[in-house]
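Peer 1: Now for the letters of each chain:
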Amino acid sequence: MKLIDEYLKTIEKELGASKLDLKSSEQGVVTEIKDGVIILQGLDNAAYGELLELDNNCLAYVIDLSDENVGAIVLGDYLSIRSGSKAKALGRSLSIPVADELLGRIVDPLGAPLDNGVKIKTDLYFSVEKVAPGVVAREAVSVPVQTGIKAIDSLIPIGRGQRELIIGDRGTGKTTIAVDTILNQKSENMICVYCAIGQKNSKVAGVAELLKKNYAMDYTIIVSASASDSAAAQYLAPYSASAIAEYFMSKGKDVLVVYDDLTKHAWAYRQISLILRRPAGREAYPGDVFYLHSRLLERACRVDKKHGGGSITALPIIETLEGDVSAYIPTNVISITDGQIVLDVDLFNAGIKPAVNVGLSVSRVGGNAQTKAMKQVAGKLKLDLAQYRDMAAFSQFEGELDEETKKLLNRGAKITQILKQNKNRPYELAEQVVVIWAASKGYLDSLPLHEVDVWETKLISDLRLRKKNLIDSINKNKILDEKMEKEIGKTIEENIENGK
Amino acid sequence: MKIDPEVKNRLKQLLKKEVEKINKMVVIKSAYQLDKNEIDMVFRALPEFYGMPYETIIDQEIMAGIIVQQGSKIYDLSLSGQLKSLSNKIYEID
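These protein sequence lines map, in sequence, to chains A and B. In this text, residue positions in the first sequence follow the numbering used here: the first is 1, and each later residue adds one. In this text, residue positions in the second sequence follow the numbering used here: the first is 501, and each later residue adds one.
Accuracy of the hints is not assured; some may be wrong.
Capping the alpha-carbon separation at 35 angstroms, the derived lysine-lysine pairs in DSBU-like fashion look like this [as the list claims (entries may be wrong)]:
#1 A:K486 to A:K467
#2 A:K23 to B:K524
#3 B:K584 to A:K130
#4 A:K441 to A:K478
#5 A:K34 to B:K508
#6 A:K86 to B:K517
#7 B:K521 to A:K23
#8 A:K121 to B:K573
#9 A:K23 to A:K88
#10 A:K34 to B:K589
#11 A:K375 to A:K468
#12 B:K584 to A:K13
#13 A:K382 to A:K458
#14 B:K521 to A:K86
#15 B:K589 to A:K88
#16 B:K517 to A:K23
Calculated from the structure, these hints are not laboratory results. Predicted model only: the values in this text are computed from it and were never measured.
Work the whole structure out from these sequences, hints included.
Peer 2: Here it is as C-alpha cells:
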C-alpha cells in the first residue's frame, strides 16, 4: 500500500504542474506503412527532424518532406501501427537524456536502458542531430590517446580529438583494437563510448562482459542498436553516441567514441532511403551517403579552453570485402577521417597480430601529439621497417645476400616480432618505449627470433621489479634522456646475458 | 488509355481547390449538439478562426469538451484527449 501511496503522490505532483492550456498541435494520418517507415498525410507545418507521436504511443522521426506527404522513421514497434492511425507532431526534435549516471550502462539509441537497470533520470536532454563546433571553437590536436598497442602508439599515433579509421576484412581484429584501446584508458582520465551498429547481440554482450571483467565499464557507456533492431534505430545509434560524447565533452572531459561499424550504418540508411524512394546512386546508396558520415565524424573535435577544453576522439570502423579499401563507403570514410589503420588478412594469417599493415596505415595529425619519449624511439623504427619491407620482397628472388642486407633483414624481422602483441594486454608507455628502444638500437640482433617473446616478458617483469623508478619516471615525464638510456641499456644487456 | 495532359492538369487544379476549401473549413467536434451561444464562445476563445466557415460534428467518443480542427492544425480540448495524456503521464512516471 505504501508504494501505491507514493506513486499517487508523484502523479499528483506531476499533474499539479501541468495545466489545461490552449495549445494547438499538428495532426496527420498514416496512409502507408513500410519496413520501419511510415508515410503520412496532413502535418502541413511539420519540420524536418521533428518528433511525431502515434496512436500506440510510438515515436516517429520526420526525415522526408514532399509535396503532399511526410515520411517518418518509426522508433519502436512499427508492426502495431494501423493505416489510418493519427499522428501528432510534438514540436521538438529528437533528443536523449544525458547524465553522469550513463557511465557503466548499456542503452539503446533513445537512451532507454538495455541492461535491466533503472531509467536514466535527468532533466538534461541533448539533441541527437547537432551541428559540429565551428572553426573558432577548435584547437589543434596536442594530447595523445594512449592505445596501449605498440604498433599503433609508435607508428600511427592518435591524438585526442582526432578521427582515426580502423578498416579491414571481417575477423581481422578491428573490434579488438578498439576495445583494447578502451581497456587502456583506465588511468588516462578518458570517458569511452562504444557504439554497436547492426552487431550481433552476442558480440555486444561479449564486449560488455570483457569491459566489466577489466573494470573498464566504470568509465564506459555502450550504445547498442543490434542487427535485430529496426533500420531506424541503427541509423540513429551513432548520432546518439555522439550526443552522449558531447555531453561529457561539455563538462571539459576527453571522450573516445568507437563506431562499430559504419558499413552497417550505411546499409541501414540505404534501406531507409530506398523505402522512401529517393534516387539511388552507386551501389544503390543515396546521394547523401557521404554527408551521412561526414556530419557524424565532424562532431569529433578538440575545443579550446573558452569552450570547455574537452575533446571527442572518434574511432570509426569499416568492414571491407576481400581487402578492397577502394570500394565506395571505405573511400568515403577514408577521405573524411584524419588517417586509417589498415588491417590485413594475410598478416593476420601469418600470425602477426595486431595485423596492422604499416605501409597503408597513416595518421595525419597524431604525430604532433606523440609523446617525446615515443617520438625519440619511433623515428628510427619507421625507417628500419620501410627498408625491411623493400628488402624482404626483393630478397625472395636472390639466393646470395651481402652482409649489409642480411643485417637489415634480421633487424626488420626482430622489429616485426616486437610489434606483435596479445589481445586485451595493453602496454604502458614506458614498457612500449623500452621494448622498441631495445629493438631499434640492435640489442636483439643476436637473439634468435623465437626467443624474442620470452625475452620481452622477462624484461618487462624485471624492469617492474628492479627499475620501478625508471618506469615511473618515463610514464610521468614522457621523455627519455641519456642517463635513462644508459640505465635501460645496462638492464637489457644483463637480461640477455642471464637468459643465455 | 492515355489521359490528355490538359485534362489531367485541370483535374489536379480542381482537386487542389477542393482540398483548400476543405482545409479552410473549421470543424468543431463535440459530444452533443452545440447551440449558437456555445459556438460563439468557442470562437471567442479561439479568435484566429473567427468568421471562418465551420461545421459541427457530434462524436460521443470524446465524452466531453470539444476538438477544434482546421486542416492539420488541431486544438484538443476534449475529456478523452486529457485522459489519454494522463495515462501517458502515469506510464512515464516510475
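Peer 1: Work down the list of hints and note, for each, if the structure agrees.
Peer 2: Results for each hint:
Of the supplied pair hints, the one linking K486 (chain A) and K467 (chain A) holds, its CA atoms being roughly 13 angstroms apart against a limit of 35 angstroms. For the given pair, K23 (chain A) sits about 19 angstroms from K524 (chain B) by alpha-carbon distance, which is consistent with the 35 angstroms threshold. Using a Cα cut-off of 35 angstroms, the hinted pair K584 (chain B) and K130 (chain A) holds, with the two alpha carbons roughly 32 angstroms apart. With a C-alpha separation of about 19 angstroms, the suggested pairing of K441 (chain A) with K478 (chain A) holds against the 35 angstroms cut-off.
For the hint pairing K34 (chain A) with K508 (chain B), the CA-to-CA distance comes to about 29 angstroms; that is within 35 angstroms, so the pair holds. This hinted pair checks out: K86 (chain A) and K517 (chain B) have alpha carbons roughly 24 angstroms apart, not beyond 35 angstroms. This hinted pair checks out: K521 (chain B) and K23 (chain A) have alpha carbons roughly 24 angstroms apart, not beyond 35 angstroms. Between the alpha carbons of K121 (chain A) and K573 (chain B) the distance comes to roughly 33 angstroms, so the proposed pair stays at or under 35 angstroms and holds.
For the proposed pair K23 (chain A) and K88 (chain A), the alpha carbon gap of about 13 angstroms is at most 35 angstroms, so the pair holds. For the hint linking K34 (chain A) to K589 (chain B), the alpha-carbon distance of about 29 angstroms falls within 35 angstroms, and the restraint holds. Restraint check for K375 (chain A) and K468 (chain A): the C-alpha separation of about 22 angstroms stays at or below 35 angstroms, so the hint holds. Annotation: proposed proximity of K584 (chain B) to K13 (chain A) holds, straight-line Cα distance about 18 angstroms (limit 35 angstroms).
Restraint check for K382 (chain A) and K458 (chain A): satisfied, since their Cα atoms lie roughly 25 angstroms apart, inside the 35 angstroms limit. As the CA atoms of K521 (chain B) and K86 (chain A) are separated by approximately 22 angstroms, the hinted pair is consistent with the 35 angstroms bound. Proposed proximity of K589 (chain B) and K88 (chain A) is supported: the alpha carbons are some 16 angstroms apart, at most 35 angstroms. As the CA atoms of K517 (chain B) and K23 (chain A) are separated by approximately 28 angstroms, the hinted pair is consistent with the 35 angstroms bound.
Every hint from the earlier list agrees with this structure, and none is contradicted.
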